[in-house]
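Chain by chain, the residues run as shown.
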Amino acid sequence: MTDTRETKTTEFWVSGTEEPDWPGPDYVAHATDEGEQKMKLHETGDRLIEQLGTRIIDDVLYEEEEIDEDDRMIINMGPQHPSTHGVLRLQVELEGEIVRRVKPIIGYLHTGMEKTAETLTYMQGTTNVTRMDYLAPLHNELCFSLAVEKLLNVEIPPRAQAIRILMTEMNRISSHLVALATNGMDVGALSMMMYGFREREMILAFFEKTTGLRMNHNYIRVGGVAADLPDGWQGDIEQFLETMPTRLAQYDDLLRSNPIWLRRTRDVGVMTAEECLAFSITGPSLRATGLAHDLRKAAPYSGIEQYEFDIPVGDRGDSYDRYRVKVREIEESLKIIKQVLETMPRGDYKVEDRKVTPPPRKRIDESMEALIHHFKIYTEGFKVPEGEVYVGIESPRGELGCYIVSDGGSKPLRMHTRAPSFANIQAIPIMLADSLVADTIAALASLDPVMGDVDR
Amino acid sequence: MPDGPEAAAEETVEEPAEVRSLPEHPILKGLIEPFVDAEWLLSAGQHVVILPKDQLGSFGEAAKAAGFEMAVDVTAVDYLGKRRVRFEVVANLLSVEHALRLRVRCPVPADDTVVPSLVPTYPGANFFEREIYDMFGITFDGHPDMTRILMPDDWVGHPLRKDFGIGDVPVQFKEANKVI
Numbered sequence: 001m002t003d004t005r006e007t008k009t010t011e012f013w014v015s016g017t018e019e020p021d022w023p024g025p026d027y028v029a030h031a032t033d034e035g036e037q038k039m040k041l042h043e044t045g046d047r048l049i050e051q052l053g054t055r056i057i058d059d060v061l062y063e064e065e066e067i068d069e070d071d072r073m074i075i076n077m078g079p080q081h082p083s084t085h086g087v088l089r090l091q092v093e094l095e096g097e098i099v100r101r102v103k104p105i106i107g108y109l110h111t112g113m114e115k116t117a118e119t120l121t122y123m124q125g126t127t128n129v130t131r132m133d134y135l136a137p138l139h140n141e142l143c144f145s146l147a148v149e150k151l152l153n154v155e156i157p158p159r160a161q162a163i164r165i166l167m168t169e170m171n172r173i174s175s176h177l178v179a180l181a182t183n184g185m186d187v188g189a190l191s192m193m194m195y196g197f198r199e200r201e202m203i204l205a206f207f208e209k210t211t212g213l214r215m216n217h218n219y220i221r222v223g224g225v226a227a228d229l230p231d232g233w234q235g236d237i238e239q240f241l242e243t244m245p246t247r248l249a250q251y252d253d254l255l256r257s258n259p260i261w262l263r264r265t266r267d268v269g270v271m272t273a274e275e276c277l278a279f280s281i282t283g284p285s286l287r288a289t290g291l292a293h294d295l296r297k298a299a300p301y302s303g304i305e306q307y308e309f310d311i312p313v314g315d316r317g318d319s320y321d322r323y324r325v326k327v328r329e330i331e332e333s334l335k336i337i338k339q340v341l342e343t344m345p346r347g348d349y350k351v352e353d354r355k356v357t358p359p360p361r362k363r364i365d366e367s368m369e370a371l372i373h374h375f376k377i378y379t380e381g382f383k384v385p386e387g388e389v390y391v392g393i394e395s396p397r398g399e400l401g402c403y404i405v406s407d408g409g410s411k412p413l414r415m416h417t418r419a420p421s422f423a424n425i426q427a428i429p430i431m432l433a434d435s436l437v438a439d440t441i442a443a444l445a446s447l448d449p450v451m452g453d454v455d456r
Numbered sequence: 001m002p003d004g005p006e007a008a009a010e011e012t013v014e015e016p017a018e019v020r021s022l023p024e025h026p027i028l029k030g031l032i033e034p035f036v037d038a039e040w041l042l043s044a045g046q047h048v049v050i051l052p053k054d055q056l057g058s059f060g061e062a063a064k065a066a067g068f069e070m071a072v073d074v075t076a077v078d079y080l081g082k083r084r085v086r087f088e089v090v091a092n093l094l095s096v097e098h099a100l101r102l103r104v105r106c107p108v109p110a111d112d113t114v115v116p117s118l119v120p121t122y123p124g125a126n127f128f129e130r131e132i133y134d135m136f137g138i139t140f141d142g143h144p145d146m147t148r149i150l151m152p153d154d155w156v157g158h159p160l161r162k163d164f165g166i167g168d169v170p171v172q173f174k175e176a177n178k179v180i
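Same order as they appear, the protein sequences are chains A and B.
Following this note's numbering, the numbering of the first sequence begins with 1 at its first residue and continues without gaps.
Following this note's numbering, the numbering of the second sequence begins with 1 at its first residue and continues without gaps.
If you're looking for bench data, these hints aren't it; they were derived computationally from the structure.
Hints are not guaranteed to be accurate.
As the list claims (entries may be wrong) - The calculated lysine-lysine pairs, modelled on PhoX-like cross-linking and capped at a C-alpha distance of 20 Å, are:
#  : chain 1 : residue 1 : chain 2 : residue 2
1  : A       : K150      : A       : K355
2  : A       : K376      : A       : K335
3  : A       : K383      : B       : K29
4  : A       : K335      : A       : K297
5  : B       : K29       : B       : K64
6  : B       : K64       : A       : K411
7  : A       : K297      : A       : K355
8  : A       : K150      : A       : K411
9  : B       : K162      : A       : K115
10 : B       : K29       : A       : K411
11 : A       : K362      : A       : K383
12 : A       : K150      : A       : K335
13 : A       : K376      : A       : K355
14 : A       : K297      : A       : K362
15 : B       : K82       : A       : K115
As the list claims (entries may be wrong) - Not the full set, but computed from the structure, chain B residues with beta-carbon under 7 Å of chain A:
#  : residue
16 : A38
17 : E39
18 : S43
19 : A44
20 : E69
21 : A71
22 : V77
23 : V96
24 : A99
25 : F127
26 : G142
27 : H143
28 : T147
29 : L150
30 : P159
31 : I166
We put the beta carbon where it would ideally sit given N, CA and C, even for glycine.
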């Protein structure tokens, strides 16, 4: 390999050699410039000396020699590596400190959920899909429900739709908070980890109050939602809307004014819009490249077109842009939640079609029909007309799709989930080629893969 | 029902005059029209094209040229006992520019499970096609790395096939045989 770095050896004094003319304050040193990633650290000479505490630099620069294939090393990173976000294994081919090739190896968390879905009725299906992307369970439930409802051709009441939007947008915030927290931790900003989880706790407390569980809610079901929002939910949301923007600004400020954070994320893991489209990468990673593709705008679902919000985009497509897009998406989600709070319609929280949703518990004691419907739905399930349908929604990680083939029975013939993380994992070889080992962690964290979603 | 050679001749003349149903959307129409064997239909309001499997590769190229930038999803379905042709490969194409979606379905018979790969046109189809190979045993011609992706390398069988058991562990109730 030939070294193409812009090096000015005369600018640095390697001990034991003749002392050169020291650079002035306006000098810009290119300390590292590896491969195509352009890791430029712009530093004035004075700043460099100030930081290093010495005028003697022994190991900053060395002329790289020709390296043949034998000098490459293949290292397995994971599956038990703390910063691979679950059980992801990366087979990296190293040339010194530089990553030349990466191969992601997945499947360690595969539990055959698509096979399981074929043995569950449509009513039980949401219990299954909620376990896929464990950071955004409500999105999985919504996607599955929308697909089944499209086959059933049922109209969902406006209140149920608004509750679904409220819950999924809350879920988007909680998921992005985990992404920011773990991204911070992986790059060394440990306080971000605690802040991110602190705010997420508020959302999970609200989820627990509404759905009964902190994760794997099984709350959004075919035909509506499982239960109405709890009494006094407006107060909780108002309090959340009051707290969140200041907290968000706080740690956005914390990270963006941190030079270490900026250097670890700026121009790291760069992807272009063309690459993203070719490799089926969606979500914040695609938007960070400047392409405003969001299914909430492109193919609105569950009445989200009534609410006003923007699609935040980045311009460089690096780790920093992906982080920034997520922060701004939280702001947009807060906007949506505020509008839902103000315009929450009254009415049913699930469709009153006894062939699809079970009757209320109280009715079973009074009505023979209610008892029969209840019995039929819980034993046999409801039948879905023959057909096949694909529904895609915007999950925090990108396009989450559900492809359902029904043969007219009460169980799907095939239920396939288009998992956003599964496709996004394909970005790793593009992002990481010719970058530094340390940057693999920063780039991977910004991609925010959830292994439960990857392996299913 | 009319009999005789005249009626039969009339029927054969009428057949070519039957208009092939094509979508109204100009991009979709322009894409599907050259593929004479392709059948277009709407499924729950979504555009679907049923295509002979050998043409999947060339259709992918044409779709990319027509503005479908992304292969969002590629999957397969096993219709064992439901249809004459056992498998079906389903590719979901998306055009961000035109806000269009197209689902391409290719029936794959059980005795010839080799399908042209979409990876040369859409590199993003890589993992999805590996998943199909892993789960259904359908191989893709032209795929750079046709290996298992989710299941262990030494796994026998393809789990999402309908004739693959769902993994029941037989439970023996020892108490049941006891004589009281």
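Given pair status - K335/A, K150/A, alpha carbons within 20 Å: Answer violated: K150/A to K335/A is near 28 Å, above 20 Å.
Agreement of K297/A and K355/A with the hint, judged by alpha carbon distance not exceeding 20 Å: Distance of about 32 Å is beyond 20 Å: violated.
Hinted pair K362/A and K383/A, Cα distance within 20 Å: Measuring from Cα to Cα gives roughly 25 Å; hence the hint is violated.
Chain A contact restraint on E69/B - CB to CB distance below 7 Å: Holds, because the Cβ-Cβ distance from E69/B to chain A comes to roughly 4 Å (cut-off 7 Å).
K383/A paired with K29/B [C-alpha distance capped at 20 Å]: It is violated: about 35 Å lies between the C-alpha atoms, which goes past 20 Å.
Interface hint for H143/B, Cβ within 7 Å of any Cβ on chain A: Violated: closest Cβ of chain A sits about 13 Å from H143/B, beyond 7 Å.
20 Å Cα cutoff - pair K29/B, K411/A: Cα-Cα ~35 Å, so violated.
Hint status (Cβ of P159/B to nearest Cβ of chain A, threshold 7 Å): 6 Å, holds
F127/B as chain A interface residue, shortest Cβ-Cβ below 7 Å: 6 Å, holds
Holds or violated: K376/A to K335/A, with C-alpha atoms at most 20 Å apart: Violated, at about 42 Å.
Interface restraint verdict for A71/B against chain A (beta-carbon cut-off 7 Å): With a closest approach of 6 Å, the A71/B hint holds.
Agreement of K162/B and K115/A with the hint, judged by alpha carbon distance not exceeding 20 Å: With Cα atoms ~9 Å apart, K162/B and K115/A stay inside 20 Å; holds.
In this structure, the hints that do not hold are numbers 2, 3, 6, 7, 10, 11, 12, 14, 16, 17, 26, 27, 28, in rising order.
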